[in-house]
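Participant: Use the sequences and the hints to build the structure in full.
What follows is the residue order along each chain.
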Amino acid sequence: MDEIFGIPAPLLFGQLLLGLINGAFYAMLSLGLAVIFGLLNIINFTHGSQFMMGAFVAWMLLAWAGLGYWWALLLAPLIVGATGVIIERLMISRLYKLDHLYGLLLTFGIGLMIEGVFRNEFGSSGLPYRIPNELQGAWDLGFMFMPVYRGWVVVFALACCLATWLVIEKTRLGAYLRAATENAALVQAFGVNVPRMITLTYGAGVALAALAGVLAAPIYSVNPQMGTNLIIIVFAVVVIGGMGSILGSVITGFGLGIVEGMTKVFWPEASSTVIFVIMAIVLLTRPAGLFGRA
Amino acid sequence: MEMNRRSLLAGAAAVAAPLSRARAQATTIRLGVLTDMSGPYRDTTGPGSVVLTQAAASEFGNRGFNVEVLSADHQNKPDVGANIARQWYDQGVDVILDVPTSSVALAVNQIAREKNKVFLNSGAATSDLTGSQCSPNTVHWTYDTYMLAKGTGGAIVRTGGDSWFFITADYAFGHALERDTANFVRAAGGRVLGQVRYPFPATTDFSAFVVQAQASRAKVLGMANASTDTVNTIKAAREFGLHRSMKFAALLMGVMDIHALGLESAQGLMLTESFYWDLNDRTRALTQRVRAANQNRPPAMVPAGCYGAALHYLKAAADMGAAAAKADGRAAVARMKAMPTDDDAFGPGRIREDGRKLHPVFLFEVKSPSESRGPFDYYKVAATTPGDDAFRPLAEGGCSLVRS
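Going line by line, the protein sequences match chains Z and Y.
The opening residue of the first sequence carries number 1 in UniProt numbering; numbering runs sequentially from there.
The opening residue of the second sequence carries number 1 in UniProt numbering; numbering runs sequentially from there.
Think of the hints as simulated: they come from the structure by calculation, not from any bench.
Note that the coordinates shown come from a computational prediction; the quantities given were computed from them, not determined experimentally.
C-beta: ideal position from N, C-alpha, C; glycine also.
One or more hints might be untrue.
Facing chain Z, from chain Y, some residues (calculated, C-beta under 7 Å) [as the list claims (entries may be wrong)]:
(1) R42
(2) D43
(3) D170
(4) V196
(5) Y198
(6) P199
(7) A202
(8) T204
(9) S207
(10) A208
(11) V211
(12) A215
(13) F240
(14) M256
(15) G262
Non-contacting residues of chain Z with respect to chain Y, defined by C-beta distances greater than 12 Å in every case (computed) [to be verified]:
(16) W70
(17) L90
(18) L105
(19) W165
(20) A185
(21) A189
(22) G255
Facilitator: Here it is, written out as structure tokens:
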């Protein structure tokens with residue numbers, strides 16, 4: 001059997017693929033963060049809680065309304081996105097004129113409160129959520145055993161990232177968004193309702209987090225802390241990719257998923273650290289991030 | 001006047017027991033439940049431990065002294081836990097109970113000894129509490145790493161699981177559990193084919209590790225971790241089809257974790273606990289009494305340990321006089337060790353001189369969805385080990401209280 005650095009080649013290919021799958025979650029979450037930061041200049045620390053809410057709403061839809069995974073994929077982002085709209089209108093919108101730090105503190109606080117409410121209501125140990133019947137089972141790829149659901153996650157996440165990128169880069173709405181980022185007053189002078197656009201953008205960013213939460217529900221424990229660990233890594237991804245860069249966050253998300261996956265083979269103890277080491281190196285050499293504009 | 005009476009009673013407690021009861025009418029024993037109210041162990045300890053301690057206090061009733069139950073959140077941080085423990089002991093709390101998370105428990109263990117108070121641990125796993133760190137002020141009631149390793153690890157080796165791969169949380173608890181289990185595996189002639197240590201608590205996805213376990217071709221997947229991590233490991237392992245070729249050994253897992261995982265994924269798992277609500281008439285009666293207060297759930301193992309420990313302490317305090325028990329934590333623990341234990345959760349048992357509480361330990365097999373008759377009907381008993389065999393032999397712990 002062929003070996004690469006003492007690891008059988010098939011195992012290494014398998015791990016590459018797994019890294020890509022994890023990268024899909026990083027990409028989807030960092031995409032939402034990048035969209036929000038790009039337009040609102042808000043570092044959305046509530047993102048992890050909103051990811052968790054997506055998973056919980058999927059569970060609630062099933063347990064309380066009998067609506068399965070496919071409905072959750074549609075409804076959970078809408079419901080959680082709507083809560084995002086309310087949060088933006090009631091609270092975040094008051095902070096745009098202040099320093100970034102205030103937005104960060106506010107969203108961090110909101111995140112802690114959401115997590116606390118869910119913990120009081122549902123406890124800490126989590127809730128079960130099944131993989132939908134259509135996506136049960138696994139393919140034998142020869143070099144590894146590939147669960148159908150994980151394949152679905154990668155394909156779906158890639159499609160979401162591509163769609164978001166197309167909307168922002170290739171449509172008129174996207175052009176307005178980009179213009180408002182550059183000069184909101186001027187865009188408003190042309191008759192575009194910028195505050196409403198900002199609100200909806202925040203809602204869309206939050207909906208992306210919730211969508212990632214629904215994708216995660218069948219494979220991770222649905223519990224109130226599920227976003228906390230992930231979100232720190234995702235922030236590193238956004239910083240490495242360049243704050244506010246859509247394409248940067250997607251490519252970095254997938255790329256770092258792979259780097260992390262490889263670390264899990266060669267030095268598993270360091271697998272959570274490696275991303276921060278890369279972040280430090282990138283910040284030292286390219287402070288604006290790999291794809292950011294200084 | 002008060003002080004005189006106390007010292008008098010401390011000296012002549014046994015003789016003057018009826019007298020002390022009459023005089024100590026106004027004495028209040030304070031039990032502080034120091035636990036995880038906001039973190040990952042909340043469901044297995046937390047509010048449940050408070051409810052069960054209160055149940056012990058109200059069942060005990062007023063036998064010449066009042067009992068008050070307090071609670072606090074240590075956030076799984078040793079510094080926070082140590083601060084609360086100092087404050088509590090200084091402000092008249094006599095007993096600290098529960099204290100999950102081994103690092104916090106070891107800190108409280110030191111403070112109880114220093115201030116000559118009582119520490120009744122139920123929630124922490126480390127067997128060091130009755131080994132190198134043992135203390136005359138501490139009782140370790142419910143379970144420990146040695147008993148888990150022997151219970152689950154030993155049983156799986158006996159059924160032919162002689163080659164293991166470990167997925168281990170990379171901190172003291174995970175290392176201890178992996179080491180203890182590996183020792184049993186090797187002692188029984190088995191082999192450890194590999195292990196992977198993942199960063200705790202920053203790991204969400206375990207697929208990379210379960211694939212490595214699969215590639216090792218070991219017969220058993222040993223999970224030296226706890227709570228959400230164990231649930232995520234099992235979910236990933238099933239997704240990648242490991243259940244077709246490997247046995248799963250979840251070395252620390254409880255009824256709440258099974259609830260989180262769902263029976264479909266959890267069925268067939270073997271796990272070790274010293275309490276299950278549906279064991280016998282006494283455990284069912286206890287469950288009946290506390291269920292309403294306990295968020296309509298049956299008690300988990302660690303809260304049941306708080307119940308048993310609190311009840312036994314109160315019996316000892318009544319026996320020696322509440323004032324004497326308050327004045328000298330060491331004497332109170334010595335009295336607890338001298339008296340046989342008996343409660344609805346654990347049945348009859350005793351406390352060894354190193355502070356280890358001995359009671360039967362059960363190996364459970366998780367039921368399949370079709371076998372389960374309702375929520376929390378999750379276990380069937382696969383084996384019962386008497387307390388003397390289930391826990392680490394007295395001589396092997398290295399406890400300084402044990403005279404050789």
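Participant: Please confirm whether Z:W165 is truly not at the interface, meaning its C-beta sits more than 12 Å away from all C-beta atoms of chain Y.
Facilitator: At roughly 25 Å from the nearest Cβ of chain Y, Z:W165 sits farther out than 12 Å, so the non-interface label holds.
Participant: Just checking, Z:W70 versus chain Y, shortest CB gap more than 12 Å?
Facilitator: holds (19 Å)
Participant: Does the interface hint hold: is Y:R42 within less than 7 Å of chain Z, judged Cβ to Cβ?
Facilitator: With Cβ-Cβ at 4 Å, under 7 Å, it holds.
Participant: Checking hints one by one. Is Y:T204 an interface residue toward chain Z, by the C-beta closer than 7 Å rule?
Facilitator: Since the shortest Cβ distance to chain Z is 5 Å, the answer is holds.
Participant: Check the non-interface label on Z:L105: least C-beta distance to chain Y beyond 12 Å or not.
Facilitator: holds (20 Å)
Participant: How about Y:A208: closest beta carbon in chain Z under 7 Å, or not?
Facilitator: At about 4 Å, which falls below the 7 Å cut-off, the nearest Cβ of chain Z leaves the hint on Y:A208 intact, so it holds.
Participant: Over 12 Å to the closest beta carbon of chain Y is the bar; see if Z:A185 clears it.
Facilitator: holds (42 Å)
Participant: Would the hint on Y:D43 be counted as holding, given a Cβ-Cβ threshold of 7 Å to chain Z?
Facilitator: holds (4 Å)
Participant: Given a cut of 7 Å on the nearest C-beta pair, is the interface hint for Y:G262 held or broken against chain Z?
Facilitator: holds (3 Å)
Participant: Are Y:F240 and chain Z close enough, Cβ to Cβ, to be under 7 Å, as the hint says?
Facilitator: holds (6 Å)
Participant: Checking hints one by one. Is Y:M256 an interface residue toward chain Z, by the C-beta closer than 7 Å rule?
Facilitator: At 5 Å from the nearest chain Z Cβ, Y:M256 passes the 7 Å test, so the hint holds.
Participant: Checking a non-interface call: every C-beta of chain Y should be farther than 12 Å from the C-beta of Z:L90. Is that right?
Facilitator: holds (26 Å)
Every hint from the earlier list agrees with this structure, and none is contradicted.
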